[in-house]
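*Asks:* Assemble the whole structure, with the sequences as input and the hints as a guide.
Protein sequences, first through last, are from chains A and B. Take 0 as the starting number for the first sequence in numbering that gives the first Met the number 0 and just add one per residue. Take 0 as the starting number for the second sequence in numbering that gives the first Met the number 0 and just add one per residue.
Any given hint might turn out to be false.
What the hints assert, rightly or not - Distance condition first, Cα-Cα at most 20 Å in a straight line; then the derived SDA-like pairs of lysine to any residue: (1) B:K220 - A:Q153; (2) B:K204 - A:P234; (3) B:K108 - B:E86; (4) B:K249 - B:A318; (5) B:K155 - B:K80; (6) B:K349 - A:L67; (7) B:K80 - A:L30; (8) B:K80 - A:L44; (9) B:K349 - B:D203; (10) B:K108 - A:A51; (11) B:K146 - B:P256; (12) B:K220 - A:T152; (13) B:K80 - A:T41.
It is worth saying that the hints were derived from the structure and are not from the lab.
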Amino acid sequence: MSAFEPTIQTAEKRAVWAWRPFALTLPALVLLAAVIGYPLLTIVLRSLSEPAWGVQNYAWFFGAPVNLAVLQRTFSISAWVTLVCVVCAYPYAYLMTAVGPRMRLILVLCVLIPFWVSGVVRTLSWVILLQDSGVINSLLRSAGFAGIRLIRTQTGVVIGMAQVLLPFMILPLYSVMKGIDLRLVQAARSLGARPSRAFLTVYLPLSLPGVYAGAIIVFILALGFYITPALLGGPRSTMLSTLVQTQVLSLLQWGRGGAMGVVLLVTTFLLLALAAPVMRSRHREAGRR
Amino acid sequence: MLKSKLAGLGAVLALGMLTTTAFAQEKPVAGEVKEGSLKGKTLTFVSYGGIYQDGQVAALKEFVDKSGVKLLNDGPTEIAKLQAQVESGNVTWDVVDTGDLPPYVHCGKLFQKLDLSKLDVSKIPEGQVGECSVPAMNYGVVLMYNKEKYKDNPPKNWADFFDAEKFPGVRALDGSGDPTGGLLEQAFKVAGGDPKAMTAADIDKALDVIRKLGPDTIYWKTGAESQQLAESGEADMLMMWTGRAMTAVKNGAKYAPAWQDWLVVMDQMTIPVGVKDTDAAYALLNAYLGKESQEILAQQTSYTPINNDAKPKVDDSVAAFLTNTPERQKQGYKQNIKFWVENFPVAQEKWSALMAGN
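*Replies:* The following block contains the structure:
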């Protein structure tokens, strides 16, 4: 950067230079303001102004038990999906760092190819696998077991959503893991640590930033899921987005739909705010070691 | 001299007025449109896509060719989108196909009150023209049951459908969106009520009958899903749209209909408030109602035509599910539209609570 900068600057010039990076992000900022900021503002306004000014839509939301039950369910399903994703993605991402380049390419493709297929198609494939007369239950029955109900249950929804969201967990994890110096683990081993000990005290803490990044992305995306719960779930796995859809598209209650969206957004922010200090402290700890 | 000239002038004027009024009062005939009358104009037609909208477009082909109009297609119909257009004063949807109730719920607000002098509604089945709508087609919601499961003792009506003790098995209901008024009325009858005297509070009683079917009950989200449930045998008894029931049976599903009290439903054709060229929209509607158009529609989609003269050429599998035969007309059950329009928000609220597992 010094190549472009004169050695002696006036304060004014320095200020101009400091603004350069921001100027570069201007197109993105304008786009964000137009396609996210403005609609979001409209939604907040409508939630407070329709049919009249006031908080009646929020009063309605918190007054109806079904809304609270579904809100709670939305968070619990998302949490389960995140957990399943972490458990499945962690060893997979580790394997990606451990194998040779050709095998790694295959592993990357295994993640990316389903990722490129439309979510609807993947969800419909899950219908075929999970339904009572589907592949899984046919196999179970032909092996002499009783069939299990998977479709139209929360389990089915969690399975389908976890598969759709898995790449969002694997990729951040992999990008962190490939930066971890494996010699640190070897050093721990050479100093007498058992493999499990070396993993828990050296590797795991170093990989945690990837876990956090992936978990946050997966969790937030899961909160807004619509198609998968609609197709794989039943009434007992309805998520908030379905209720928003009913309010807006069927009842034309934009205010109520907006209020639901705002509640979901604010609750998400609150949860993230609660989680942030934990993540930061762990981060520092990992850095110290 | 002057007097006779004036008289002549008067006669000419009177004649002129007579011809213009005669022209204005020229009765439209369903299915007809003037050659080249809409040249250079564009109409946007909105419906639900799939083979249905394809069939509608095919039904309108002659209208397009003859009038010279440019027909654009959009969809699927979403009342919220239409509302946004009407509110912003920028209505781009000229003719909109909707479900049963919206034209009644939003009549005069989102949908224009129809000027029936601009349409020929004489061939439409009785009682189907609304203040803001003409029918787009008829179909039914029919009880389909698994023939292999129930064998010699099949369910015969909705009372059997709601009787899980006498007829064990998995039920599948329409969970695609709005509640089906006719089904709730049938459920209320099972609860011992009289649908004709139903009140808003009775909706709960009807819903309790549905709740009693238990947690295994399936609420299908799309017509395709209902068809899949029958073809794979996932559900033993289903409420199905006749078009989907017909296709499922055609594809080999071993299911049969119980026609008693099949629920009469229809799609509606509407003109939104604030369209740019109302007369062009009327011309499209009038052409759509014609005999040939309705025959094409029925042949392509298997939905029942809404022109009494229409005689579509369909094979037996399709004909078995057409609902305009005298026998079917006798068995059909019409929902209390007025009640459901008045109680639409309440019903929807309670229905979506049921759909959300409460």
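*Asks:* Next, verify each hint and record whether it holds.
*Replies:* Structure-based check of all given hints:
no., hint, in the structure
1, B:K220 - A:Q153, "holds, 17 Å"
2, B:K204 - A:P234, "holds, 19 Å"
3, B:K108 - B:E86, "holds, 10 Å"
4, B:K249 - B:A318, "holds, 12 Å"
5, B:K155 - B:K80, "violated, 41 Å"
6, B:K349 - A:L67, "holds, 15 Å"
7, B:K80 - A:L30, "violated, 23 Å"
8, B:K80 - A:L44, "holds, 18 Å"
9, B:K349 - B:D203, "holds, 8 Å"
10, B:K108 - A:A51, "holds, 19 Å"
11, B:K146 - B:P256, "holds, 10 Å"
12, B:K220 - A:T152, "holds, 15 Å"
13, B:K80 - A:T41, "holds, 15 Å"
Hints 5, 7 from the list above are not met by this structure, while the remaining hints are.
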